[in-house]
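Each chain, letter by letter, is given below.
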Amino acid sequence: MPLLEIRNLQIDFGRGAKALRAVDGVSLSLEPGQTLCLVGESGSGKSVTALSIARLLASPPAVYAGGEILLAGREVLRMRAAELRQIRGGLVSYVFQEPGASLNPVLRIGNQIQEALQLHRPQAATEAEVIRLLKLVGIPAPETRIKSYPHELSGGMQQRVMIAMALAPQPKLLVADEPTTALDVTIQAQIIELLVHLRQQLGMAILLITHNLGIVGDIADEVAVMYAGQIVERGPAPELLRRPGHPYTRALMNSVPSLDSETDRLTTIAGGVPQLGAFPAGCRFHPRCAIARPECAHASPPLVAVEPRRWVRCPYGNSPA
Amino acid sequence: MLTRLLTRFWWSTVTLLGTAFLTFFLVNAVPGDVAKVIAGSKASGEVLQEIHAKYHLDDPVLKRLGFYFIQLAHGDLGHSYVTDQAVAEAIRIRFPTTAALTGLAVLMWVALAVPLGVLTARFRNSWFDRTILVVATVSLSLPSFWLARVLQYWLAYKLGWFPVGFFRGLVDLLLPAATLALLMVGYYARLVHTNMVEVLDSPYVRAARAKGASETRVLFKHALRNALIPVITMLGMDVASLLGGVLFIENVFALPGIGNLAVQSVLNLDVPMIMGTVLFSATLVVGANWVVDLLYGWIDPRIKSAG
Numbered sequence: 002m003p004l005l006e007i008r009n010l011q012i013d014f015g016r017g018a019k020a021l022r023a024v025d026g027v028s029l030s031l032e033p034g035q036t037l038c039l040v041g042e043s044g045s046g047k048s049v050t051a052l053s054i055a056r057l058l059a060s061p062p063a064v065y066a067g068g069e070i071l072l073a074g075r076e077v078l079r080m081r082a083a084e085l086r087q088i089r090g091g092l093v094s095y096v097f098q099e100p101g102a103s104l105n106p107v108l109r110i111g112n113q114i115q116e117a118l119q120l121h122r123p124q125a126a127t128e129a130e131v132i133r134l135l136k137l138v139g140i141p142a143p144e145t146r147i148k149s150y151p152h153e154l155s156g157g158m159q160q161r162v163m164i165a166m167a168l169a170p171q172p173k174l175l176v177a178d179e180p181t182t183a184l185d186v187t188i189q190a191q192i193i194e195l196l197v198h199l200r201q202q203l204g205m206a207i208l209l210i211t212h213n214l215g216i217v218g219d220i221a222d223e224v225a226v227m228y229a230g231q232i233v234e235r236g237p238a239p240e241l242l243r244r245p246g247h248p249y250t251r252a253l254m255n256s257v258p259s260l261d262s263e264t265d266r267l268t269t270i271a272g273g274v275p276q277l278g279a280f281p282a283g284c285r286f287h288p289r290c291a292i293a294r295p296e297c298a299h300a301s302p303p304l305v306a307v308e309p310r311r312w313v314r315c316p317y318g319n320s321p322a
Numbered sequence: 017m018l019t020r021l022l023t024r025f026w027w028s029t030v031t032l033l034g035t036a037f038l039t040f041f042l043v044n045a046v047p048g049d050v051a052k053v054i055a056g057s058k059a060s061g062e063v064l065q066e067i068h069a070k071y072h073l074d075d076p077v078l079k080r081l082g083f084y085f086i087q088l089a090h091g092d093l094g095h096s097y098v099t100d101q102a103v104a105e106a107i108r109i110r111f112p113t114t115a116a117l118t119g120l121a122v123l124m125w126v127a128l129a130v131p132l133g134v135l136t137a138r139f140r141n142s143w144f145d146r147t148i149l150v151v152a153t154v155s156l157s158l159p160s161f162w163l164a165r166v167l168q169y170w171l172a173y174k175l176g177w178f179p180v181g182f183f184r185g186l187v188d189l190l191l192p193a194a195t196l197a198l199l200m201v202g203y204y205a206r207l208v209h210t211n212m213v214e215v216l217d218s219p220y221v222r223a224a225r226a227k228g229a230s231e232t233r234v235l236f237k238h239a240l241r242n243a244l245i246p247v248i249t250m251l252g253m254d255v256a257s258l259l260g261g262v263l264f265i266e267n268v269f270a271l272p273g274i275g276n277l278a279v280q281s282v283l284n285l286d287v288p289m290i291m292g293t294v295l296f297s298a299t300l301v302v303g304a305n306w307v308v309d310l311l312y313g314w315i316d317p318r319i320k321s322a323g
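Those sequence lines, one after another, are chains R and H. For the first sequence, our numbering begins at 2 and goes up steadily by one. For the second sequence, our numbering begins at 17 and goes up steadily by one.
If we strip away everything but chain R, and leave its shape as in the complex, we get (with noise of 0.2 angstroms):
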């Protein structure tokens, strides 16, 4: 049974004619264990998508308007205010893009870990513990770095309190939502470095939200590629990232800026992510896509399984670009 399983996920912002549809019949599934990487630019519904499994969308305006969420059996879609406590850290765990605003600046940071433990293994809720996890997640002098506020430490020492902070209650599931867009780049291999590190050794499933294809190889078993509110393309990565199958996927692929390239431009995809509620007609990628077709601009591309495992939102994805 797999630890995560999203079956044809709709979420809408506000209600009824307002409504804006930012989620459109995700599907995604996770084995315990695993590596999923959901990948794709800002506004491609891919946080909403993470933040949704664990109904953290504030509600409202976010409305849940199809679809089911299954984790470890459970539908998160139907628990009560009690049973969503109890999965929250404790069956899943989320690290967050801005450390510094992510923990609370007026409280100390070993009380903040020792929090997550009391409410979901009360039993292990002693300063032991704590520096235990802070030495788990690399923060040099534990001891004294329980009484230290978040503003005392880096950028990277407080994701690394974050991460500390979601492993604390032991989940089977940890959503790292962008975890090191806002820190310097050395210190985002380090955490992604820490992050396979920790999963190796605790064997705990991870969801990566990123927009960074360049990360996903060193870490994802799975990819999911996300665009304006669907999946375009789903697959084991090292075959994803072999043989993309949508034109979005190898557009992601070639902004990857790459040391022995031989220009010294950086390859962008023209244009942006179109606004929720304005997506164009037909396939949603079509005016930014480089191999469009006339007939792009009215039929919607099904996403259709070409191979065993492997998902692809364009029939044309395979012809030379």
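Please keep in mind that the hints were generated in silico from the structure rather than gathered at the bench. Treat the hints with care, since some could be wrong.
Below, computed lysine-lysine pairings styled on BS3-like, alpha-carbon distance capped at 30 angstroms [claimed, not checked]:
id: 1; chain 1: H; residue 1: Lys-237; chain 2: R; residue 2: Lys-148
id: 2; chain 1: H; residue 1: Lys-58; chain 2: H; residue 2: Lys-70
id: 3; chain 1: R; residue 1: Lys-148; chain 2: R; residue 2: Lys-173
id: 4; chain 1: R; residue 1: Lys-148; chain 2: R; residue 2: Lys-136
id: 5; chain 1: R; residue 1: Lys-173; chain 2: R; residue 2: Lys-136
id: 6; chain 1: H; residue 1: Lys-52; chain 2: H; residue 2: Lys-70
id: 7; chain 1: H; residue 1: Lys-52; chain 2: R; residue 2: Lys-173
id: 8; chain 1: H; residue 1: Lys-79; chain 2: H; residue 2: Lys-52
id: 9; chain 1: R; residue 1: Lys-136; chain 2: H; residue 2: Lys-237
With the C-beta cut set under 10 angstroms, the calculated list includes, among others, these residues of chain R facing chain H [stated by the list, open to error]:
id: 10; residue: Gln-11
id: 11; residue: Gly-15
id: 12; residue: Gly-17
id: 13; residue: Val-93
id: 14; residue: Phe-97
id: 15; residue: Glu-99
id: 16; residue: Leu-120
Please read these numbers as outputs of a predicted model, since none were measured by experiment. Ideal placement from N, C-alpha and C gives every residue a C-beta, glycine not left out.
Following the hints, position chain H against chain R.
Below, chain H without anything else, positioned relative to chain R:
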């Protein structure tokens, strides 16, 4: 830290001296003869001249100001022109009433405003939030003298629940304090509300929810303390200015507080008493600034290390 304290001290002194200077000139710019107030309008020229000589009223303003500052430097606020009572003594006798009134009112409005602000932020845009918004807007736009008179008329005079126009002790401060609290609670409920709404949208509140914290824990452990930081500044300033005299309410309820003392001294052109009450009030405001700063360091760790 030491330089910060010294700078702080220097500016506090400048503020107080500036206040003293300005007040002295303003009081002297008011037309009218103090001697006539003291001796009565039918007093003879000789008597008036005697009074003028006694209080050096004919000296140039700057010379009198100089004398006043020398007196101040000796820690002496002087004596009332009208009653000859020592100014410091008058303030000392009247301060407890104002302090008790303010203290009681602060307790009442904070105890109401914090829960109201928190709940309206938690259930924002609900009918509850909207109702409280209307009530709060009414509360903060009520004229104080009007509300005081209305409450006094109905609750004290008509219904007889409170005494009218005399003062025995703490119990008789309940109605004046409630009046004051009613005038302040609306503003504070909105202030807490606005700050809570902002904090509840912050990433660390989302992170607390993601941990599995209960709603109560999110509101009171994670959000409230952050939301109260700006509220404490306002509270410090308001308490200081109220301790310097609650003018209208003391007046309507005939309370022997600093406010009534200040009003009376202005009506009498009683220069030493005016100076004393104004300086007392200014010192409270400066002192409140210090206290608020100290509280800040305690409630918000980021400020302590920045200093």
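Going down the list of hints, with the structure as the test:
With a C-alpha separation of about 18 angstroms, the suggested pair H/Lys-237 and R/Lys-148 falls inside the 30 angstroms cut-off, and the hint holds. Straight-line distance between C-alpha atoms of H/Lys-58 and H/Lys-70 comes to about 19 angstroms, which keeps the hinted pair within the 30 angstroms bound. A C-alpha spacing of about 28 angstroms is found between R/Lys-148 and R/Lys-173, which places the hinted pair at or below 30 angstroms, so the restraint holds. A threshold of 30 angstroms between alpha carbons decides the hint, and for R/Lys-148 with R/Lys-136 the separation of about 15 angstroms falls inside it, so the pair holds.
Our distance criterion of 30 angstroms between C-alpha atoms is met by R/Lys-173 and R/Lys-136, whose separation comes to about 20 angstroms. Our distance criterion of 30 angstroms between C-alpha atoms is met by H/Lys-52 and H/Lys-70, whose separation comes to about 14 angstroms. About 88 angstroms separates the Cα atoms of H/Lys-52 and R/Lys-173, which puts this hinted pair outside 30 angstroms; it is violated. Our distance criterion of 30 angstroms between C-alpha atoms is met by H/Lys-79 and H/Lys-52, whose separation comes to about 22 angstroms.
At roughly 26 angstroms between alpha-carbon atoms, R/Lys-136 and H/Lys-237 fall within 30 angstroms of each other, so this suggested pair holds. Because the closest C-beta pair between R/Gln-11 and chain H is about 22 angstroms apart, greater than 10 angstroms, the hint is violated. Annotation: interface hint on R/Gly-15 violated; nearest CB of chain H at approximately 14 angstroms, more than 10 angstroms. Taking 10 angstroms as the C-beta cut-off, the interface hint given for R/Gly-17 is violated, the closest approach to chain H being about 17 angstroms.
At its closest, the beta carbon of R/Val-93 sits 8 angstroms from a beta carbon of chain H; the interface hint therefore holds under the 10 angstroms criterion. Hint status for R/Phe-97 relative to chain H: holds, with the closest Cβ pair at about 6 angstroms, below 10 angstroms. Evaluation of the R/Glu-99 hint against chain H yields a held restraint, the C-beta minimum of about 6 angstroms falling below 10 angstroms. For R/Leu-120, the shortest C-beta to C-beta distance to chain H is roughly 5 angstroms, which falls under 10 angstroms, so the interface hint holds.
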